[in-house]
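Taken in order, these protein sequences are the chains called A and B. End of the first sequence sits at 390 in this note's numbering; the numbers just go up one at a time, nothing left out. End of the second sequence sits at 646 in this note's numbering; the numbers just go up one at a time, nothing left out.
Just a few of them, taken from the derived set where beta-carbon distance is under 10 Å, the chain B residues facing chain A:
#, residue
1, 146
2, 151
3, 185
4, 187
5, 193
6, 194
7, 195
8, 196
9, 197
10, 198
11, 208
12, 246
13, 257
14, 260
I should point out that these hints are in silico values taken from the structure, not numbers from a laboratory. Every residue, glycine too, gets a C-beta built ideally from N, C-alpha and C.
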Amino acid sequence: MLRYLARRLLVLALTMVAASIVIFLLMSVVPGDPAQFMMGMNADPAALAALRAELGLDRPLLVRYLEWVGGLVIGDFGQSYTYRVSVSQLILDRIGLSLPLAFLALLLSVVIAIPAALFAAQRHNKAGDISVMGLSQIGIAVPNFWFAMLLVLLFSVTLRWFSAGGFPGWDAGFVPAMKALTLPAIALALPQASILARVLRSALLDTLGEDYIRTARAKGLSRGQALRRHAFRNALIPVLTIIGLQFSFLLAGAIIIENVFFLPGLGRLVFQGITQRDLIVVQSVVILLVFAVTLVTFLVDIAYAFIDPRLRRGTV
Amino acid sequence: MSGSAPILAVHDLSLSIGGTPILEEVGFDIPHGSIFGLVGESGSGKSLTAMSAMRLLPAGARLTGSIKLAGRELIGLPEDTMCHLRGNEIGMIFQEPMTALNPLHTIGQQVAETIRIHTDRSRKDALDTARETLARVGLPGDRFPLDRYPHELSGGQRQRVGIAIAVALKPKLLIADEPTTALDVTTQAQILQLLKTLVVEDGIGLMLITHDLAVVADMADRIGVMEAGRIVECAETTDLFQHTQHPYTQRLFAASRHVPKRRAYVPQQGDIPLLKVDNLVRDYRPNSLFSGKARTVRAVDDVSFAMFPGENVGLVGESGCGKSTLARALLGLEVVQGGQITLRGKPFAQPGKPPAADQRRLIQVVFQDPYGSFNPRHRVDRLVAEPLHLLNERPSDLERRRKVGAVLEAVGLAADVGKRFIHEFSGGQRQRIAIARALIVEPKLVILDEAVSALDVSIRAQILDLLADLSSRLSVSYLFISHDLSVVRAITDRLMVMRDGRIVEEGPTSDVFASPKHPYTAELLAAAPDLGSALLARGVDLDQISQLSLV
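Could you build the full structure based on these sequences and the hints that come with them?
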């Protein structure tokens with residue numbers, strides 16, 4: 075098990091190194107000079123050069139890369155060109171919204187998907203199964219920003235249960251903050267839950283065809299018991315991969331939903347960074363997201379070994 | 096429940112699935128403490144008869160007739176009552192020990208689950224019973240703790256766990272569906288012995304489903320022979336073999352003892368070996384970043400032998416002994432670490448070097464699985480023509496068509512089947528196509544890797560005839576790899592016995608069978624089910640009957 079962990083950790087570290095190089099190189103070849111952007115098109119060349127020197131943009135690539143990576147390791151992401159504050163502070167503010175939002179959306183999607191998939195798999199090709207599959211088809215097909223607007227219309231405009239947007243911050247208290255995140259989380263969770271339910275259902279149906287399910291039935295388990303006790307954990311293995319991918323997506327991919335609900339999240343931060351050529355913010359958030367993705371993958375790998383004893387062996 | 100009623104009484108049982116009749120008027124009784132053997136070829140309805148008794152049938156199944164378990168009618172019982180009976184009063188063991196256990200649960204959990212769902216005993220109590228049951232089936236707790244997972248056990252050990260699951264609650268009836276088909280002969284002998292013991296000690300009725308006449312001849316008190324959903328003949332074991340009535344039983348009987356007519360190889364002075372293998376070594380090194388101390392697995396260990404033109408050689412041994420690795424090395428599919436393979440006096444494969452294409456042509460192969468070894472999207476003519484790329488000169492389209500047609504006819508198929516897809520053929524026909532594919536480049540040696548193991552006895556007899564005929568006509572040699580000793584005996588001149596990567600015994604086939612020199616060979620021969628000796632033990636002289644009933 076330790077060896078398995080060590081191997082996964084090494085993969086994680088190597089991925090981070092490779093990603094940081096790729097991100098840095100990409101950022102240095104994108105068109106648009108941050109200094110030019112900050113001073114305007116008619117800026118004095120001397121002043122521009124001075125600003126570039128101040129921002130460190132005139133030094134060789136390798137030096138800038140090493141400085142950036144060195145800073146990352148100790149949590150110093152550098153100064154934002156446009157906000158003129160430390161990037162780590164910017165990210166910290168935004169992550170306080172994005173992380174709980176992603177967790178909430180993921181939780182919702184799992185809580186919806188698992189019972190739906192179990193329900194459908196148990197009624198394979200019957201009305202219940204067909205309805206769940208139909209609903210999930212709709213869940214995937216409906217654009218989530220549109221669904222978000224419908225939620226706002228119903229719950230904010232008509233029923234007035236939730237505010238239509240904005241985030242009061244965690245300082246305003248847990249309940250108001252959670253209330254502000256509820257509608258966005260539902261909007262984000264719907265397509266994810268639909269995908270997850272479909273994947274879990276087909277994984278369950280696959281495992282239901284396995285010989286050990288027949289053994290379980292021959293022991294005297296009912297179809298439902300065999301499904302829950304024997305098929306479910308086996309079916310979780312492919313599903314975990316999807317959950318890992320979904321979390322990463324939810325963390326970074328919520329830009330549209332953040333815009334619909336006026337939420338100051340990571341997605342909006344990147345979006346603004348790109349439009350304002352605030353490259354240091356963009357590359358910092360991107361590397362952070364890469365880290366989150368690799369970390370989640372690492373956790374999923376560990377969860378595999380936890381679920382499947384065959385992975386634990388062969389690595390001990 | 097009446098004490099005198101048989102444990103299982105099946106009468107006029109008919110089954111249809113989606114309107115298609117599967118079983119028709121099946122009937123038999125299984126008394127207490129007796130073994131009922133149900134034999135027949137694949138698709139004859141053996142397994143579905145068992146699943147009908149379990150009432151575990153696919154959707155759309157319609158059962159009529161009567162199935163009585165110790166006097167109680169099972170047909171029409173509600174599902175929850177059946178759930179209570181399954182595992183409690185009827186236990187079942189399946190063919191595939193590798194997949195019949197849940198890989199994520201420990202063996203203790205899986206045995207205890209049977210106990211827990213049928214009784215209100217505590218978890219600890221159930222685990223205690225599980226431990227006792229596992230010890231009873233030959234997995235004592237000190238060597239096989241309850242927290243073992245299935246993947247940590249061998250096939251035979253897993254089958255023992257399967258048996259423990261089935262007998263944990265001492266059921267009245269045990270159904271074993273091909274319980275030893277996937278196992279090696281020595282393991283098979285142990286598992287069959289265990290089943291016998293359980294029948295005697297617990298007085299249960301055992302329904303043993305198998306395609307192997309030798310197994311039922313040894314085990315069963317009564318035998319039912321199934322063909323196309325009917326029991327065509329049902330009698331006491333000795334009666335059945337002595338006075339075989341039904342033509343199908345006679346055919347089955349004849350096919351399972353079939354010895355193809357072939358010209359035996361007569362060694363001649365000065366023959367140049369077709370194939371010569373010297374000190375061949377194949378190592379596997381689990382190779383990875385963190386694997387720690389490299390543990391080398393030697394799959395083929397210093398193997399040397401020679402084969403002469405026209406000679407058929409058998410290679411037997413248990414799974415994992417290195418038979419298939421050796422075959423793959425001979426095909427140039429494995430990189431060998433040491434030794435040399437010489438083909439017709441020329442070096443074939445040397446350490447680290449793949450063989451040349453024109454050499455490779457001379458050795459072809461037929462695999463076991465007639466279903467998995469073809470690309471389902473290609474037509475038969477393309478599948479059969481595939482090895483032609485090994486020829487130095489590519490044949491023209493016309494020539495290729497002619498070759499394909501000729502070789503298909505040689506294996507007993509019509510030349511025009513080439514336009515069809517592989518799924519349109521039966522298992523036996525597919526194996527003929529596989530043989531055609533091997534023969535199209537006119538090889539000198541064909542490796543038959545368990546090539547008839549997946550076939551029913553009657554089809555197997557036909558394929559063996561075909562192979563014998565082709566061998567004489569085309570002067571092809573066979574290296575016949577099999578775990579089935581009776582098949583090897585029927586078709587080879589010389590036999591090699593392999594164990595742990597080494598060839599432990601080698602000699603003329605008849606000599607090895609008559610007087611094995613190595614104790615392992617003796618063990619293997621003793622464990623192999625043999626119809627003749629099983630019947631002899633019951634006082635039936637096989638040679639006498641064979642003259643009477645065999646056509």
